[in-house]
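Please model the entire structure based on the sequences and the hints provided.
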Amino acid sequence: MRIDRTQRPWIIVTIVLFVASLAAYIVYALESPGGPSGGSAMGLTFGIAGYAMMLYAGLLGARKRVPVWRLGRAQTWMRGHLWFGLLSLPMILFHGGFAFRGPLTAVLMWLFFIVIASGIVGALVQHYIPRMMTRRVPMETIYEEIPHVRRQLLDEADQLAATICGPFDGESPAEPVLAGQGAPTATLVEIEQQDRARFREIYLQKVRPFLNDPESQATELASSRRSSEVFESLRRLLSSPVHPVLNDLENICEEEHQLSRQIRIYHWLHGWLLVHVPLSIALLVLGGVHAVMALRY
Amino acid sequence: MAGRTRTTKKLAQRINLDYFKTLHGIPRWRRILSAVFTVAGLGWLGWHGLRGSPTPYNAGPIANAHHLIAHKCVACHASKTGFQQSVTDQACLGCHDGPIHHAEQTFSPACSDCHVEHKGVLRLAATSNQACAQCHGNLAAKDKNSPPRFAADISDFDSKHPEFAPLRTGQKDPGTIKFNHQVHLKKELRGPQGSIVQLKCDDCHRGAGFEEKWPFGEAEMTPASFTPGTNLSTMLPSRAYMEPVNYMKHCSSCHPLQFDRRIPDAAPHKDPKIVYDFALKKLTEYIAAHPDQIHTVDEPDKRLPSRPVPPIPRNSQEWIANHMADAQLLLWRKACKECHAMTYPNGPDALPVITKSAIPARWLPHSNFDHEAHQMVACNSCHAKVNKSQETSDVLIPGIQTCRQCHRSGSNFAEARCFECHTYHDWSKQKRINATYTVPSLVE
Numbered sequence: 036m037r038i039d040r041t042q043r044p045w046i047i048v049t050i051v052l053f054v055a056s057l058a059a060y061i062v063y064a065l066e067s068p069g070g071p072s073g074g075s076a077m078g079l080t081f082g083i084a085g086y087a088m089m090l091y092a093g094l095l096g097a098r099k100r101v102p103v104w105r106l107g108r109a110q111t112w113m114r115g116h117l118w119f120g121l122l123s124l125p126m127i128l129f130h131g132g133f134a135f136r137g138p139l140t141a142v143l144m145w146l147f148f149i150v151i152a153s154g155i156v157g158a159l160v161q162h163y164i165p166r167m168m169t170r171r172v173p174m175e176t177i178y179e180e181i182p183h184v185r186r187q188l189l190d191e192a193d194q195l196a197a198t199i200c201g202p203f204d205g206e207s208p209a210e211p212v213l214a215g216q217g218a219p220t221a222t223l224v225e226i227e228q229q230d231r232a233r234f235r236e237i238y239l240q241k242v243r244p245f246l247n248d249p250e251s252q253a254t255e256l257a258s259s260r261r262s263s264e265v266f267e268s269l270r271r272l273l274s275s276p277v278h279p280v281l282n283d284l285e286n287i288c289e290e291e292h293q294l295s296r297q298i299r300i301y302h303w304l305h306g307w308l309l310v311h312v313p314l315s316i317a318l319l320v321l322g323g324v325h326a327v328m329a330l331r332y
Numbered sequence: 010m011a012g013r014t015r016t017t018k019k020l021a022q023r024i025n026l027d028y029f030k031t032l033h034g035i036p037r038w039r040r041i042l043s044a045v046f047t048v049a050g051l052g053w054l055g056w057h058g059l060r061g062s063p064t065p066y067n068a069g070p071i072a073n074a075h076h077l078i079a080h081k082c083v084a085c086h087a088s089k090t091g092f093q094q095s096v097t098d099q100a101c102l103g104c105h106d107g108p109i110h111h112a113e114q115t116f117s118p119a120c121s122d123c124h125v126e127h128k129g130v131l132r133l134a135a136t137s138n139q140a141c142a143q144c145h146g147n148l149a150a151k152d153k154n155s156p157p158r159f160a161a162d163i164s165d166f167d168s169k170h171p172e173f174a175p176l177r178t179g180q181k182d183p184g185t186i187k188f189n190h191q192v193h194l195k196k197e198l199r200g201p202q203g204s205i206v207q208l209k210c211d212d213c214h215r216g217a218g219f220e221e222k223w224p225f226g227e228a229e230m231t232p233a234s235f236t237p238g239t240n241l242s243t244m245l246p247s248r249a250y251m252e253p254v255n256y257m258k259h260c261s262s263c264h265p266l267q268f269d270r271r272i273p274d275a276a277p278h279k280d281p282k283i284v285y286d287f288a289l290k291k292l293t294e295y296i297a298a299h300p301d302q303i304h305t306v307d308e309p310d311k312r313l314p315s316r317p318v319p320p321i322p323r324n325s326q327e328w329i330a331n332h333m334a335d336a337q338l339l340l341w342r343k344a345c346k347e348c349h350a351m352t353y354p355n356g357p358d359a360l361p362v363i364t365k366s367a368i369p370a371r372w373l374p375h376s377n378f379d380h381e382a383h384q385m386v387a388c389n390s391c392h393a394k395v396n397k398s399q400e401t402s403d404v405l406i407p408g409i410q411t412c413r414q415c416h417r418s419g420s421n422f423a424e425a426r427c428f429e430c431h432t433y434h435d436w437s438k439q440k441r442i443n444a445t446y447t448v449p450s451l452v453e
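So the sequences go chain by chain: A and B.
Counting with the working numbering, you get residues 36 to 332 for the letters of the first sequence.
Counting with the working numbering, you get residues 10 to 453 for the letters of the second sequence.
Treat the hints as calculated values from the structure; they're not laboratory data.
Computed footprint of chain B on chain A, listed as stretches where at least three residues anywhere in the stretch have a Cβ under 8 Å from a Cβ of chain B: (1) 55-67; (2) 135-147; (3) 165-177; (4) 282-288; (5) 304-312; (6) 315-323.
Beta carbons are placed, not taken as given, at the ideal position from N, Cα and C, and that holds for glycine.
Here is the structure:
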């Protein structure tokens with residue numbers, strides 16, 4: 036989600052709430068006989084407000100699980116998650132008087148700091164990277180579907196190659212992938228036998244290993260620039276009837292490159308969630324335990 | 010041959026529509042890690058719970074004074090009302106007495122309101138100014154019709170604390186001993202046996218309990234240690250306050266009560282009747298031992314220039330009467346009068362009555378001061394008016410601004426919170442505590 040002008044009302048509300056809370060905290064801290072404490076009326080108020088904001092931020096995950104429920108716009112939930120989640124940090128610091136001396140409270144506060152820090156990193160990543168994804172991965176697909184799509188790309192490439200050099204004996208399906216769905220059946224392009232053999236050799240030694248394992252850096256076509264050079268030299272080497280097939284194979288390889296790029300960007304875009312989400316859930320659960328046990332003592 | 014195309018239909022056909030039913034990669038690990046962290050946290054709490062240990066819920070390290078009961082939570086968290094186990098005053102009072110602050114205080118805070126635990130290694134007695142300012146920031150007596158007897162708006166020492174009462178109200182020293190500090194601090198002062206001396210403050214003013222000899226007096230009737238008379242001082246070290254000035258210790262060498270040049274012994278510094286009897290006894294003994302002296306005529310005493318020369322005594326009784334008259338003149342009209350205020354309620358020839366000295370034991374009875382803790386500071390650095398003081402009535406305690414030069418808020422200054430000088434609990438009302446623990450129960 037981009038942090039742009041549309042967020043201004045949320046930013047203003049967050050700043051106003053923060054300033055009001057800070058003013059209340061300063062007065063409370065200066066006038067409390069024993070100093071600020073989580074167990075005082077004011078301390079409890081800050082604690083309840085902070086935990087409520089954390090809960091609200093945490094409910095974003097639950098909201099995403101029921102997208103068809105009429106629970107407000109997803110964008111509103113996301114903005115609330117972002118700004119109330121951020122505001123919960125000063126609330127909790129005010130709650131504890133900027134101290135966390137006990138074992139559980141220390142664990143909670145460190146979890147909280149990590150969650151907030153990872154959330155800020157996530158917000159920045161979500162602000163910049165989606166545009167980069169659009170620019171650098173125009174053939175983007177659903178992340179979870181990438182292995183499935185890659186299998187189809189390999190089949191599609193085999194089918195294209197079969198139109199030049201015939202089915203591959205024992206190496207890959209010789210039949211056209213989409214034959215059963217009314218797609219055109221593979222037909223041999225009329226070229227000299229020498230070109231056919233050369234194409235087959237190049238396909239099996241360079242193109243297919245790359246398509247079979249596109250994440251491997253060992254193959255020659257793993258580099259996008261090198262891939263262009265290889266296909267350019269193939270076009271010079273092979274006769275013109277083969278060029279449309281070469282163009283399609285190059286296009287498939289380029290899609291593979293983009294999928295690899297998508298995986299890398301996706302890891303940047305979502306990797307922080309491996310820290311943010313698990314620690315947030317642990318924080319909410321342990322925070323609930325802290326609330327109950329603090330009332331006990 | 011047509012080039013490769015990416016139509017929406019072709020792209021849609023590539024998608025496995027059940028892809029969301031199985032999790033892969035980051036979402037899968039997110040779920041696994043969520044479970045692992047949460048279970049680990051709850052497992053940690055559960056493990057302590059099974060052992061009956063509330064350690065995870067400890068709110069922080071406790072003060073040094075309570076380290077021995079650090080793991081006995083119920084020693085303080087004694088309340089057992091349902092789920093709650095809060096701290097009670099009774100738990101505190103089981104080990105410590107906490108006498109009331111003031112008979113007219115409008116409310117009594119809970120012990121833990123001021124002595125806040127679980128804040129680390131600190132003095133629990135180092136309470137915050139806010140604790141005191143709850144009342145003293147806007148002091149109201151129980152009887153709303155009478156104004157408070159103390160300053161009604163004190164919230165800190167830096168700015169709100171008024172000048173010390175004796176200086177603020179222009180009090181005079183009520184002492185009746187005539188004493189001129191300026192004269193006694195002069196250079197080349199005549200000392201014992203005509204020697205020249207320069208007096209220093211600690212020649213006469215020292216904290217109690219020093220074994221060192223006093224330079225201008227004799228250690229007589231000295232108590233082993235001095236506890237100032239007011240009850241608030243009982244929590245202070247014995248050398249906190251100066252010993253009261255005492256004639257025998259501080260004055261007798263330079264101001265001996267010599268009443269007759271034949272008698273080497275000075276008169277005791279006691280009640281006039283005792284002094285009279287002492288002089289009479291000494292003169293009687295002297296003339297009994299020296300009967301040849303009865304008819305001798307003495308040189309007139311320079312200290313009694315107005316005294317007419319008495320007739321030559323005819324017997325020992327007349328000799329004693331003459332010399333007793335001189336001795337009384339020397340004592341009552343010269344030596345004693347030099348310092349003491351005296352009256353003659355039974356006539357000018359009767360024994361005088363010495364007015365009580367009334368030297369204040371403490372000027373600020375509602376606060377504590379430790380002279381020993383300030384021993385590195387020159388006396389006249391604080392008691393600046395002493396060098397020029399000529400009257401007994403001069404109040405020579407330093408003003409609050411002197412204290413504020415060092416005692417101010419901030420990390421670069423000496424402590425300035427209320428507890429530094431004031432005590433909340435009135436320890437004169439302290440009660441004994443019944444033993445709660447045994448040594449094995451504490452160290453188990």
